[in-house]
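Participant: Each chain is listed here by its residues.
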Amino acid sequence: MASRGTLIGAAAFAILAAGAPLLPQWLVSLSTIAFANALVVLGLVILWRTGLVPFGQALFYAIGAYAVALLGRYTPVRDVFVVVIAGAVCAGIVAYLVGFLLARYREIFFAMLSLAMSMILYGVLVKTETLGSTDGFHVEAGSFFGWRPQGAMRNLALFWLVLGCCAVAAVLVARYFRSVAGALAIPVRDNEIRVEFLGISVDRLIHLKLVISGILAGMGGALAALAVQHVDPQMAYWTTSGGFVFVTILAGAGSVAAAFVGSLAFELVRSIAVDLLPGAWQLILGSALLLTILFLPEGLGSLYARLRRRKEETAP
Amino acid sequence: MSAILSVRDLEKTFGSVVAARDISLDVPAQQTVGIIGANGAGKTTFVNMITGHLSPSKGSILFEGNDITGLPSRTITRLGISRSFQVAQVFPSLTVTENMWAAAAIARGRDSIIARALTPLDTPEAKTEADAAMELFQITRYRDARAVTLPQGVRKLLDIAMAVAGSPRVLLLDEPTSGISIEEKFGLMDVVMSALKTRRITVLFVEHDMEIVGRFADRVLAFYDGTVIADERPETVLANPRVQTFISGTKPAGEGAVHA
Ligand SMILES: Nc1ncnc2c1ncn2[C@@H]1O[C@H](COP(=O)(O)OP(=O)(O)OP(=O)(O)O)[C@@H](O)[C@H]1O
Ligand SMILES: [Mg+2]
Chain A
1 MASRGTLIGA AAFAILAAGA PLLPQWLVSL STIAFANALV VLGLVILWRT
51 GLVPFGQALF YAIGAYAVAL LGRYTPVRDV FVVVIAGAVC AGIVAYLVGF
101 LLARYREIFF AMLSLAMSMI LYGVLVKTET LGSTDGFHVE AGSFFGWRPQ
151 GAMRNLALFW LVLGCCAVAA VLVARYFRSV AGALAIPVRD NEIRVEFLGI
201 SVDRLIHLKL VISGILAGMG GALAALAVQH VDPQMAYWTT SGGFVFVTIL
251 AGAGSVAAAF VGSLAFELVR SIAVDLLPGA WQLILGSALL LTILFLPEGL
301 GSLYARLRRR KEETAP
Chain B
317 MSAILSVRDL EKTFGSVVAA RDISLDVPAQ QTVGIIGANG AGKTTFVNMI
367 TGHLSPSKGS ILFEGNDITG LPSRTITRLG ISRSFQVAQV FPSLTVTENM
417 WAAAAIARGR DSIIARALTP LDTPEAKTEA DAAMELFQIT RYRDARAVTL
467 PQGVRKLLDI AMAVAGSPRV LLLDEPTSGI SIEEKFGLMD VVMSALKTRR
517 ITVLFVEHDM EIVGRFADRV LAFYDGTVIA DERPETVLAN PRVQTFISGT
567 KPAGEGAVHA
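Heads up: the sequence lines are chains A and B, in that order.
Start counting the first sequence at 1; every next residue gets the next number (the working numbering).
Start counting the second sequence at 317; every next residue gets the next number (the working numbering).
One chain only, chain A, in its complex shape (with noise of 0.2 angstroms):
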């Protein structure tokens, strides 16, 4: 049984895929990004449910990123599936292994050491020449099922993996959240000690949490790879990881498609600004995420909580 929340996201993404073709190209990149984004953003909402916030997300963003790369660089694999699954994949085993230490932390002292950890990533790719030092080095366009689409041909098809990707990650990341683990989130941040009291371990808790949110950022690295078809050290630079954060609290921990807009309504904004005010974007960014805390400080995905909620007070 499907609930209505499944629905209208399944609807959503039917009719974003079907629209596609219609739209401007400019809006179908930019759309690619922004749901490449999303994904690291759904990532990072997972902890926040929890009240972590890491800021080192592009780690992982970063390793996904250029896990394709070098996959395009030194292998034959050029298929689309199969690097993005080794982005996702490579990104889950170093958060898995960075886990053991970062899962003790809380707080402050975890969004440190999250940032300190991306920053050692930053600092080997900016220092490794053979990966391009800073100015990174170019992605092998990829190939779906054996076609290599040209052109705009190729920028709606990515769009459709990225749309994809999204579309099984939300369920996946739905399903998680009604689950023990993932339900437990509110509990974690209220009281730990009532939860290891009650007998499951909360840095268990949380290193699956790091788990996930390692693959999804690793996913959304690999497809913005191969969106961009570029990969350098910025990706892991700790203004990609602000940017992140930045967007996750614009879209607000309520629910999976928060994330799918708030990243969306962000990319649209600055893309919108930029063109408006060249010099001034982050000015008008840093006043839309203002406005957001003051007003809505459960972010954006609250608005339409609040909207039901004001239809069914006035429903007779």
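These aren't lab readings, by the way, just hints derived from the structure by calculation.
Some clues are possibly wrong.
Claimed, not checked - Restraint ranges, calculated between C-beta atoms of paired labels, are given here:
hint	chain 1	residue 1	chain 2	residue 2	range
1	B	I430	A	L291	39 to 45 angstroms
2	A	Y105	B	A555	51 to 57 angstroms
3	A	G123	B	A431	56 to 62 angstroms
4	A	V124	B	T439	18 to 24 angstroms
5	A	L296	B	I430	33 to 39 angstroms
6	A	V82	B	I430	22 to 28 angstroms
7	A	L7	B	T439	20 to 26 angstroms
We treat Cβ as the ideally placed atom computed from N, Cα and C, and that holds for glycine.
Go by the hints and put chain B with the ligands onto chain A.
Facilitator: This is chain B with the ligands only, laid out in the frame that chain A set:
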């Protein structure tokens, strides 16, 4: 009669502070043990060691014949020893029902985190169990209230109800009536103790109120300065002059201070 819980030569030091020493005792199944002692006597430290919150510096703890000394608290919980806290530990932003679901769901599942990610939280079994527990502890009428808004007594009951969700065989209650008015204390203890009796749980409870101890305990441990100075039936312990001097604060009539 074999003991469900046995403690041998238990000791805990914090730097130079000796919070527990030379504690040895056996608790038979389904006994109700009251623990008394002045502030800082080591009652909470004792409870913390049994439940794995603190590792003893020395000594051993056996539960149903198995050594559980120094195991992590969640393992001890899963083995069958549960506890409530001096300050009630609940999930403030969840409702009473959601608190109970969380407790029931955690208690039912296997230890694997992956398995936890694949089982839904609100299974019909967990819901039924949560409903039954709320009935048993008489908190059903608060079921939709957020825990943060609960009166102190109800929050204490919720804390204990959550601790019982895992069907423990031994339950340790650290000051179940602290922060509760004199009038309400007996009512709360009546609810708790009769609930625990129906579940046949062995209980150790820390309590400052001697009347409550006398009414509900089968046996009393009197703590003083980290060690047990009396361990007998309540009426005997409460009449013990040392206990009266050091713990209940009432000097026995006609006697001066008794030196330890
Ligand atoms: N974590 C700790 N670090 C240092 N000293 C501690 C710690 N926990 C307890 N103590 C000390 O151990 C002694 C026993 O404390 P404990 O909390 O067990 O007493 P209590 O009998 O529960 O007292 P109360 O009635 O106030 O709850 C006290 O002197 C206390 O200061
Ligand atoms: Mg105490």
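Participant: The structure should be examined with respect to each hint, and the outcome stated for every one.
Facilitator: Now the hints, each set against the structure:
1. I430/B / L291/A: 39 to 45 angstroms: holds (41 angstroms)
2. Y105/A / A555/B: 51 to 57 angstroms: holds (53 angstroms)
3. G123/A / A431/B: 56 to 62 angstroms: violated (39 angstroms)
4. V124/A / T439/B: 18 to 24 angstroms: Given about 46 angstroms between the Cβ atoms, the range is violated.
5. L296/A / I430/B: 33 to 39 angstroms: For L296/A and I430/B the Cβ distance comes to about 35 angstroms; the hint holds.
6. V82/A / I430/B: 22 to 28 angstroms: About 25 angstroms separates the Cβ atoms of V82/A and I430/B, which means 22 to 28 angstroms holds.
7. L7/A / T439/B: 20 to 26 angstroms: holds (23 angstroms)
Violated hints, listed in ascending order, are 3 and 4; each of the other numbered hints is respected by the structure.
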